[in-house]
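Asker: Taken in sequence, the protein lines are chains A and B.
Everything in the first sequence is counted per the UniProt record's numbering, starting at 1 for the first residue and increasing by one.
Everything in the second sequence is counted per the UniProt record's numbering, starting at 1 for the first residue and increasing by one.
FYI, nobody ran anything at the bench for these hints, they're computed from the structure.
The reader is advised that the hints may include incorrect statements.
Identical chains share a label here; the pair holds if one copy fits it or two copies do between them.
Unchecked claim - Derived DSS-like pairs: lysine-lysine, alpha-carbon spacing no greater than 27 Å straight-line: (1) K388 / K167; (2) K51 / K418; (3) K388 / K159; (4) K388 / K160.
A quick note: this is a predicted structure, and the numbers were derived from the prediction, not measured.
There are 2 protein chains.
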Amino acid sequence: MTTDRLKDMLGRVSLTPVKKAQSVLLNALTGSTRQTETCPLPDALDRLLAKDLLSPEDLPTHPRSTMDGFAVRAADTFGASSSMPCYLEIDGEVAMGQMPTGKVVQGKCFRIATGGLLPEGSDAVVMFEHTIPVDGKMIEVVKSVGVGINLINRGEDIKKGNPALPKGHLLRPQDLGLLAGLGIADVAVYTRPRVGILSTGDEIVPWSESPPPGKIRNINGITLAASCRRLGAEVTDYGIVSDSEDIFFATLERATGENNVVLFSGGSSVGMRDLGERVIEKLGNPGILVHGVALKPGKPVIIGLSHGTAIFGLPGHPVSAMVCFELFVDPAIRFFAGAPTPNKQFTQSITAIIDRNINSAAGRLDFVRVQLQEQEDMPPLAIPVLGKSGSISTLSRAHGYFLIDEPTQGINKGSQVKVTLLQ
Amino acid sequence: MTTDRLKDMLGRVSLTPVKKAQSVLLNALTGSTRQTETCPLPDALDRLLAKDLLSPEDLPTHPRSTMDGFAVRAADTFGASSSMPCYLEIDGEVAMGQMPTGKVVQGKCFRIATGGLLPEGSDAVVMFEHTIPVDGKMIEVVKSVGVGINLINRGEDIKKGNPALPKGHLLRPQDLGLLAGLGIADVAVYTRPRVGILSTGDEIVPWSESPPPGKIRNINGITLAASCRRLGAEVTDYGIVSDSEDIFFATLERATGENNVVLFSGGSSVGMRDLGERVIEKLGNPGILVHGVALKPGKPVIIGLSHGTAIFGLPGHPVSAMVCFELFVDPAIRFFAGAPTPNKQFTQSITAIIDRNINSAAGRLDFVRVQLQEQEDMPPLAIPVLGKSGSISTLSRAHGYFLIDEPTQGINKGSQVKVTLLQ
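Could you build all of it, start to finish, from the sequences and the hints given here?
Answerer: Here it is in structure tokens:
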């Protein structure tokens with residue numbers, strides 16, 4: 001695939017804006033296959049529906065009381081007040097979990113508890129608190145009720161054949177509750193995305209080893225794997241792969257065949273970047289989509305696609321890798337998890353006050369890590385966490401981040417910013 | 001324990017404000033034991049630290065380049081510009097993952113890649129892009145660098161003995177990265193909270209069964225279990241328990257002995273509420289903390305504590321149960337998961353515009369479910385999801401909720417509200 005990389009007069013490759021890179025990626029992904037499977041309801045938490053679900057029955061199947069009180073004919077209570085109560089005879093009781101026997105006729109009522117089925121003839125419930133017992137057989141009603149008051153009608157929660165939940169819906173606890181209420185025992189969901197992670201760089205050793213002089217522990221492997229697991233992905237760790245082109249290509253090719261998304265990281269040096277670019281091009285179909293984005297930190301990211309698998313060459317610096325994960329890898333994993341496209345997600349944030357002036361180059365998206373500090377009767381203070389993008393502790397100290405978009409050249413102390421939590 | 005329940009002139013129990021109920025609960029919990037355990041680093045995701053962690057070493061252990069370029073003595077570049085470059089001789093190269101051999105002396109430099117160790121004698125790195133090759137042995141430097149530029153110093157990320165992460169910290173992906181970078185293989189974390197769930201009500205059948213007339217499927221069991229699992233709790237389902245006082249008490253007593261938090265739900269009728277209250281009082285030490293809160297929906301919640309275990313009698317209506325879970329059970333589970341007390345959590349929200357007038361009784365907290373609808377160049381519209389608290393589909397249709405606090409008597413159409421996502 002020919003990529004639309006422009007070079008400037010000095011022969012430098014021009015950088016793709018972040019939004020453009022995201023849309024190029026998501027457009028390319030629409031051709032990828034998302035697998036589906038059937039999952040027992042209790043295991044479907046946090047999975048996404050692969051089909052529109054219609055309700056197989058009315059919920060509830062019978063009208064039920066939503067209060068403790070008396071099932072009545074509403075018309076019998078019209079005009080009742082504490083100064084002018086109406087009198088009703090207690091003619092029966094609804095046993096919990098049983099079909100009521102008998103019928104409420106004019107001037108009479110049945111005792112009923114919350115959840116009890118409305119007996120025939122009744123069309124409303126008078127709350128216990130709005131009655132005064134006269135004797136064991138008679139009550140005074142001191143407040144009138146309208147038809148349908150203090151009860152939930154057949155199908156009022158959801159009607160048979162009506163949409164219960166749409167395709168692409170994330171199954172939250174309350175959604176499992178709805179499906180349980182409808183007796184749906186198995187759910188068609190998207191298969192969990194499979195993500196393969198390769199770490200590169202001759203200076204990297206497994207984090208569990210003590211690094212000899214000159215080497216450092218592999219940080220990105222564990223950080224990226226945990227970020228993927230949080231999105232519900234199944235992660236395969238391909239370990240630390242040699243910078244040798246043949247070995248790297250063979251491992252990347254295998255990982256691409258076995259996963260929906262492949263990440264390699266550690267290639268921040270020019271040599272590794274070039275190697276990453278060459279092997280993605282060699283995998284082809286289509287190969288490289290984006291190489292280099294107008295982003296700080298995270299500029300040298302490589303985004304590719306091969307045979308339906310998204311491939312990301314992430315910068316080696318832990319902070320840059322994490323920023324690129326948030327902006328590019330996260331939406332790709334969500335795509336394979338079954339998120340609707342275009343994915344209109346509402347994102348929550350905290351309004352905070354920036355505590356100093358921040359500079360930003362025009363034409364570049366800045367990802368600013370901040371700590372938040374509570375202030376009395378004011379939005380919290382956002383304190384930028386300064387530090388190099390090779391410093392993992394800055395990400396660990398940060399409560400969240402905000403973005404300075406491309407046209408903005410800086411933000412003044414005291415301005416409001418929208419902080420997304422890194423939680 | 002004598003609870004401070006006041007009765008009004010009509011003998012009605014006065015309701016506890018939500019904030020008061022929350023603080024009574026959290027104060028009482030501070031006497032409960034939170035267990036800790038040691039966990040291998042890769043499994044520590046989303047667990048909370050049980051101890052302050054100090055860094056066992058400097059990170060990085062040696063100064064490293066953060067750019068591809070040349071390791072130099074900064075003083076050699078002072079005054080360099082594109083019109084007046086300085087010339088440096090390439091005297092060596094830093095091999096990736098190796099200790100550099102040799103030393104950078106005046107007028108000379110070493111080739112270095114991102115992540116390479118700074119050779120002795122050098123104190124800065126000139127980016128490749130700010131150099132012009134003269135021949136294989138000599139470069140022009142067209143921009144001066146100061147001492148420490150384009151490198152990360154020994155201990156600059158974190159110094160040996162300095163706090164790495166505080167007790168009570170939630171271990172996010174980036175925190176695992178920091179601990180991996182420091183070679184910390186095992187982490188002291190709080191043990192996952194254990195939650196027991198009892199469902200009550202003679203009208204309830206397991207959700208997987210087809211309910212006979214008069215019965216309904218158990219919705220709360222699955223919804224509450226999923227909500228607990230999302231908080232990292234280990235859930236034991238005690239099934240549907242008979243309303244018989246002896247059986248209910250015996251099961252609740254066993255569950256209280258086996259868990260940090262026990263939930264029972266389904267007791268919305270007066271009979272079940274009284275039963276719930278009696279058995280928690282009977283468990284004692286101290287017994288009931290709160291019975292009935294100024295909240296809609298969710299008023300009849302019972303909150304108790306027995307031998308260090310928090311016990312919640314949740315309303316039977318699915319929506320009310322979920323609201324009480326958000327406001328009371330969630331903080332209790334977070335306490336046992338190791339959250340610091342007092343737990344100053346920053347909560348994210350979405351600013352939205354309410355699309356109609358909403359009434360609210362003074363003196364009561366209202367929990368209003370809403371759908372969000374995007375609007376061009378405006379905050380999204382918040383559309384209240386109307387429906388009874390027995391209707392699980394209203395929670396499933398809601399994107400989030402906002403609260404109307406006790407003194408407020410209503411909200412006017414067009415006002416801004418802060419919506420928390422139910423995600």
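Asker: Determine for every hint whether it applies to the structure shown.
Answerer: Against the structure, the hints come out as follows:
1. K388 / K167: Answer is between: at 25 Å across copies they meet the 27 Å cutoff, but 43 Å inside does not.
2. K51 / K418: Neither way: K51 and K418 sit 35 Å apart in one copy and 32 Å across, limit 27 Å.
3. K388 / K159: between (57 Å within a copy, 15 Å between copies)
4. K388 / K160: For K388 and K160, only the inter-copy Cα distance (18 Å) is at most 27 Å; the intra-copy one is 58 Å.
Violated hint for the displayed structure: number 2, the only one.
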